[in-house]
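Knowing the structure of chain A, use the given hints to seat chain B on it.
There are 2 protein chains.
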Amino acid sequence: MANLDPALRAWRLLLGPARVLTSSTDLAPYMASTAASPVAPLAVLRPLSHGEVVAIVRSAGEFDIPLYPLSTGRNWGYGDANPSGAGQVILDLGGMNRILETDRELAYAVIEPGVTQAQLAGHLAEQQLPLWMDCTGAGPDTSLVGNILERGFGHTPYGNRMLHVAGMRIVLASGDTLETGFAHFAHASAAYLYPYGVGPWLDGLFTQSNFGIVTSLGLWLMPQTEVVSHMVASVAGFGAIAAVVDALRPLRMDGTLSSVVHIGNDLRVLSGGMVFPAAQLPQGPPLPPQLRAEFCRQAGIGAWTVSAALYGRPAQVADARRTLRAAIGRLATLRFIDEKMLALGRLAGRWLGQGKLGTRISAQVNLGQSLLNMNRGIPDGRFLAGAYWRRRGGLPPEFPRGANPARDGCGMMWLAPVLPLRGRDLLHVHSLVEPLFATHGFDLFETFSMVNERALGGVLTICFDQEDAVETARARLCYQAAFERLKGAGYIPYRVGPQSMKALDSGHDTYWGTVARIKDALDPQHIIAPGRYQPR
Amino acid sequence: MANLDPALRAWRLLLGPARVLTSSTDLAPYMASTAASPVAPLAVLRPLSHGEVVAIVRSAGEFDIPLYPLSTGRNWGYGDANPSGAGQVILDLGGMNRILETDRELAYAVIEPGVTQAQLAGHLAEQQLPLWMDCTGAGPDTSLVGNILERGFGHTPYGNRMLHVAGMRIVLASGDTLETGFAHFAHASAAYLYPYGVGPWLDGLFTQSNFGIVTSLGLWLMPQTEVVSHMVASVAGFGAIAAVVDALRPLRMDGTLSSVVHIGNDLRVLSGGMVFPAAQLPQGPPLPPQLRAEFCRQAGIGAWTVSAALYGRPAQVADARRTLRAAIGRLATLRFIDEKMLALGRLAGRWLGQGKLGTRISAQVNLGQSLLNMNRGIPDGRFLAGAYWRRRGGLPPEFPRGANPARDGCGMMWLAPVLPLRGRDLLHVHSLVEPLFATHGFDLFETFSMVNERALGGVLTICFDQEDAVETARARLCYQAAFERLKGAGYIPYRVGPQSMKALDSGHDTYWGTVARIKDALDPQHIIAPGRYQPR
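Taken in order, these protein sequences are the chains called A and B.
For the first sequence, this note's numbering gives the first residue as 1, with consecutive numbering after it.
For the second sequence, this note's numbering gives the first residue as 1, with consecutive numbering after it.
Pulled out of the complex, with its shape left as it was, chain A reads as follows (with noise of 0.2 Å):
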């Protein structure tokens, strides 16, 4: 590219040659890939404000080179850290990272894309705020900004992110700067209260697209709650979940079930807590039926495990808990997480020693605690254990400080179909997918989560060894076998990695026409994330 080096150089001059990033030991993480197909960016520019971007966007205009703009860099399974094609340059917010405003009365903040989620957990704890983010189980190093505009999902009842959100500030492809709702206007009283401001609502625009580089945006937390009670129900037979979901159902709707609603098959939970015993199983997946069924019954793992988070005071927990009871109290089998009970077991495990039931039930504290810890917006990295599965070396040592799927090589792909809340939609999703993960010789985790009141979201998993060419070629082939096959049945994916982005289009759909013609009007030279979410 010819004008890269008149680029860079005027970059240089703009950041100070640190935070041009050229080399190729400086851009190898960048590079990493759940999806073992690395995308090498030009460079990478690591701009600290807001007049930094519109600079670099308008000297990208300028000079031609298009810009693949990320917060932390931790879309995992969705493409990671890579850019959407070849050719562009790296624009890291990370070093973004501003916590702009709190507010504890109206109970929000106002974040740039480098805030993690443990950073703003910190800060709310700091400051002794009342108030607790959403959060997600990719580990407390990943961007709140990025999941967002991926439209990624959490575990409270702010976990439908896109409905907490207001007053985005974006950098337009014009170097221009766009503030959505109200907080466009002088004073405006209401700029993070009141998504919608008045004339059309942008911010959907935002999501999921290349229309613009968002450098914050205000985001709605959770004033707390008195009690929390996480809600374990294990599920023991296979077919006996579409009841459950179905008795779930009208208790999400009517609120009782306030928060996201997670349902994960026994692999995905038993990933947890191992990797897959390669040693034991040197031919590979899937792990053999007899072994895995054992591996369930030493965990104490249902077929399927429902996990819930309830939130009020007093009577409301207690209410809503002896519904739940009552709804599904005879399909499943109930436990209830709350600081109290993790207390007495943290003296029962002390007081039972380094026994191997002692020890058994510290390890059910601490994953207890981890649990009611995400409820209340504290990340923890535990979560993503699942995604070493297939990792030659396991677990690294130090997991789950630092742990980076991407980074790690751990070899994973995400289909996340969407399903009505229903469960003969769950069991038919699972027997389409099944087939193909047993031809194709590949274990499958899947979770459905209630992400709002009428549907799941489907996040199944293909985890493979990265070392292994012939095994990466067939988790390729048995990913795009299943998300042919979903797609072909109406169950659309709510977000997809790189890969898959062309294969939403059909050619002759009047929706990416139209977003075609947004991008020409805000983004003629298409100098923002080319391709990302555009097939056309």
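Keep in mind the hints are simulated off the structure, nothing from the lab.
All C-beta atoms in this analysis are idealised placements derived from N, C-alpha and C, irrespective of residue type, glycine included.
It cannot be assumed that every hint is accurate.
[Claimed, not checked] Estimated spans, in silico, between C-beta atoms of each pair:
#1 A:28 <-> B:484: 52 to 60 Å
#2 B:431 <-> A:330: 56 to 64 Å
#3 B:338 <-> A:273: 25 to 33 Å
#4 A:6 <-> B:536: 34 to 42 Å
#5 B:126 <-> A:508: 35 to 43 Å
#6 A:481 <-> B:5: 56 to 64 Å
#7 A:127 <-> B:484: 33 to 41 Å
#8 A:424 <-> B:238: 53 to 61 Å
#9 A:187 <-> B:297: 49 to 57 Å
#10 B:126 <-> A:473: 56 to 64 Å
#11 B:238 <-> A:187: 22 to 30 Å
[Unchecked claim] Coverage of chain A stretches by chain B, computed from C-beta distances (three or more under 8 Å per stretch; other residues unrestricted):
#12 252–266
#13 420–430
Just chain B, lined up with the frame of chain A:
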């Protein structure tokens, strides 16, 4: 307009002559204006199907004649059925009033723009679906889709209406059909269950805008609950409302108050039961303070009335009542209305007969029933009474049947500032507008609604006598002064009438520039509602 005659010929061929209106008698109802500023359409077209809309839009492009779409044309106080400017043909979608689908299990309906509140409520009752829709106070004949696209709000937990929509079908200016969310994928199972789809979320673009014509959408419905209880809290002292707002905010945030909470001042409540006593006060408004106080005393109305609905199982509602009493019991007089209480009241009314007390009790019971009905999505025209405050003839004899403030010549303008959900902001907004209403000689009707967990949507009404040219001119001045003062103080409106659309743009605001660029991309000829929420 030279092209009009050939266009009309084409449209008559397409729709038949009866659905192409051009006579002044036929056009008159569309010109009726609560703002006393009628705008004449060139003609009115009444399509009955999506296909007809497509054909009309295509031909409008060919003939270069702008179309102004409306649902049922009852956007009272915000432009009524008037086009956004002269030289436009109205596209009246009122005849497209099919309920295309309802789903009992997943609780939604798919409706066209002509579907009215009464129609959907009637359909749900007829089909014995255990679902309630959200309902506004604008009466039985108003369009659900029209209100949603204007981002109106209602009275139930689904009152933040934008959050309960998925899957729009839109005719673009090109004549192409855009389906949003997952609806554009073949056989999508979650087309009406998950709004975002995959890729940029476009729904917000088609609200408060002129980018396309929505011909149907999926509307989420609320599963019926065992108990509904309507809270009416009367706050005696004017300033005490601030503490009430601040005490209710945490309960709105934690879901104890899951519905939209409405706070009305004394005049707002009074105007539901009487019109301005013009015979007694020929000099016109405002109502003298002593008389106002006397009316309030007679009707038992405090300075402010807070109105909210509680939903759930008996234990949940009982807990919510207790919590509300604890929070504001010392600041306000609380009453809870439920079906049991109304049955008792009805008995008492019958027993007391036609005497003064009996009549008063019956009136109270009827009002209570209307409120409870509205909480369950059954619309009631009585809440339109306020619009008739300055109408010379008072309420029409058949009121509330067929109430139509525009056709009935009511003079009314609405100011709709959004403010932080804080007592001090409510008082501040009041203090900004109160002197202006006094100076211009108008009664100040105020409602502040907790449209979400962090913001109040204010609705301040100027009622004026349209037959009095001087009062009408004063109303305009008062509106303008209040609009500017509120905006200057950072209280930006959530919605405006055509008179204020230009005033939303400072001239150097990237937001409106972006809106203009999207307009040019999607509708380069400006065929659809030019000028509507489009100041540039």
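The hints, checked one at a time:
1. A:28 <-> B:484: 52 to 60 Å: holds, 57 Å
2. B:431 <-> A:330: 56 to 64 Å: At 59 Å between Cβs, range holds.
3. B:338 <-> A:273: 25 to 33 Å: violated, 50 Å
4. A:6 <-> B:536: 34 to 42 Å: Because 36 Å falls inside the window, the suggested range holds.
5. B:126 <-> A:508: 35 to 43 Å: At 39 Å between Cβs, range holds.
6. A:481 <-> B:5: 56 to 64 Å: Holds, since residue 481 (chain A) and residue 5 (chain B) (Cβ atoms, about 59 Å apart) stay within the stated range.
7. A:127 <-> B:484: 33 to 41 Å: Holds, at about 38 Å.
8. A:424 <-> B:238: 53 to 61 Å: holds, 57 Å
9. A:187 <-> B:297: 49 to 57 Å: violated, 40 Å
10. B:126 <-> A:473: 56 to 64 Å: holds, 58 Å
11. B:238 <-> A:187: 22 to 30 Å: Roughly 26 Å apart at Cβ, these two residues keep to the hinted range, so it holds.
12. 252–266: holds (count 4)
13. 420–430: Holds: 4 residues of the segment 420–430 of chain A have a Cβ under 8 Å from chain B.
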